[in-house]
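Protein sequences, first through last, are from chains A and B.
Read in order, the letters of the first sequence are residues 2 to 115 in my numbering.
Read in order, the letters of the second sequence are residues 33 to 145 in my numbering.
Source of the hints: derived by calculation from the structure; they are not laboratory data.
C-beta atoms are modelled at their ideal positions from N, C-alpha and C, and glycine is treated no differently.
Among the hints, erroneous ones may be present.
[Said to hold, decoys possible] Some chain A residues close to chain B (C-beta under 10 Å, calculated; not the full set):
#1 Q7
#2 I46
#3 F65
#4 K68
[Unchecked claim] Below are the DSS-like pairs computed for lysine-lysine, each with C-alpha atoms no more than 30 Å apart in a straight line:
#5 A:K68 with B:K100
#6 B:K109 with A:K45
#7 A:K10 with B:K92
#8 A:K10 with B:K100
#9 A:K53 with B:K88
#10 A:K68 with B:K92
#11 B:K81 with A:K20
#12 B:K132 with A:K42
#13 A:K72 with B:K100
#14 B:K100 with A:K20
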Amino acid sequence: DTAVSQTPKYLVTQMGNDKSIKCEQNLGHDTMYWYKQDSKKFLKIMFSYNNKELIINETVPNRFSPKSPDKAHLNLHINSLELGDSAVYFCASSQGRGANNEQFFGPGTRLTVL
Amino acid sequence: GDSVTQMEGPVTLSEEACLTINCTYTATGYPSLFWYVQYPGEGLQLLLKATKADDKGSNKGFEATYRKETTSFHLEKGSVQVSDSAVYFCALTASGGYNKLIFGAGTRLAVHP
Numbered sequence: 002d003t004a005v006s007q008t009p010k011y012l013v014t015q016m017g018n019d020k021s022i023k024c025e026q027n028l029g030h031d032t033m034y035w036y037k038q039d040s041k042k043f044l045k046i047m048f049s050y051n052n053k054e055l056i057i058n059e060t061v062p063n064r065f066s067p068k069s070p071d072k073a074h075l076n077l078h079i080n081s082l083e084l085g086d087s088a089v090y091f092c093a094s095s096q097g098r099g100a101n102n103e104q105f106f107g108p109g110t111r112l113t114v115l
Numbered sequence: 033g034d035s036v037t038q039m040e041g042p043v044t045l046s047e048e049a050c051l052t053i054n055c056t057y058t059a060t061g062y063p064s065l066f067w068y069v070q071y072p073g074e075g076l077q078l079l080l081k082a083t084k085a086d087d088k089g090s091n092k093g094f095e096a097t098y099r100k101e102t103t104s105f106h107l108e109k110g111s112v113q114v115s116d117s118a119v120y121f122c123a124l125t126a127s128g129g130y131n132k133l134i135f136g137a138g139t140r141l142a143v144h145p
């Protein structure tokens with residue numbers, strides 16, 4: 002069973018479209034994250050939710066809106082997609098939001114904006 | 033702000049060679065330090081971690097020691113295998129109380145038979 006899963010794995014879309022990426026974890030964790038990895042492999046945190054509450058919100062355009070319907074799910078909706086949004090988006094989860102808690106990563110969603 | 037600097041890759045080695053990937057950090061307070069590995073086409077996996085000064089993290093033959101005096105956490109392995117080919121990321125948990133990982137730029141390792 003996959004611990005942290007993401008759908009879709011690949012997403013190709015046109016500029017200006019709105020798209021969503023879904024993430025689910027079956028580890029029983031209460032904290033989830035979204036990271037963006039750019040074309041140079043640089044990874045940066047975008048958001049984090051703990052028990053459905055937003056606790057980390059980095060400087061991300063407000064076209065990006067995370068939604069956590071329950072502890073096991075954290076979705077990422079992106080409005081008005083731009084070329085610069087092309088990247089691999091990783092979801093992660095951890096048990097607790099403390100600094101030493103291991104984060105488990107999903108396989109990533111490769112978003113390509115044309 | 034907090035940051036992590038890693039040696040640039042790619043690092044190309046022959047099988048059974050010794051590996052060192054340098055990592056230094058800047059942080060307020062006392063961060064926890066991590067090495068994550070990303071195999072081709074996969075997500076990141078935690079390789080090892082250290083939570084306080086002089087701690088040594090180890091896993092799968094890899095080791096790294098938390099050196100507060102030099103603000104470093106270099107990754108080492110005595111004998112690499114082809115299966116170790118991957119991208120390695122050094123990271124720390126940023127100050128502020130939450131589990132926010134700050135990553136280095138990643139170092140690609142290619143091991144040839």
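Here is how each hint holds up against the structure:
no. : hint              : verdict
1   : Q7                : 8 Å, holds
2   : I46               : 6 Å, holds
3   : F65               : 17 Å, violated
4   : K68               : 19 Å, violated
5   : A:K68 with B:K100 : 38 Å, violated
6   : B:K109 with A:K45 : 27 Å, holds
7   : A:K10 with B:K92  : 29 Å, holds
8   : A:K10 with B:K100 : 40 Å, violated
9   : A:K53 with B:K88  : 35 Å, violated
10  : A:K68 with B:K92  : 37 Å, violated
11  : B:K81 with A:K20  : 35 Å, violated
12  : B:K132 with A:K42 : 18 Å, holds
13  : A:K72 with B:K100 : 36 Å, violated
14  : B:K100 with A:K20 : 44 Å, violated
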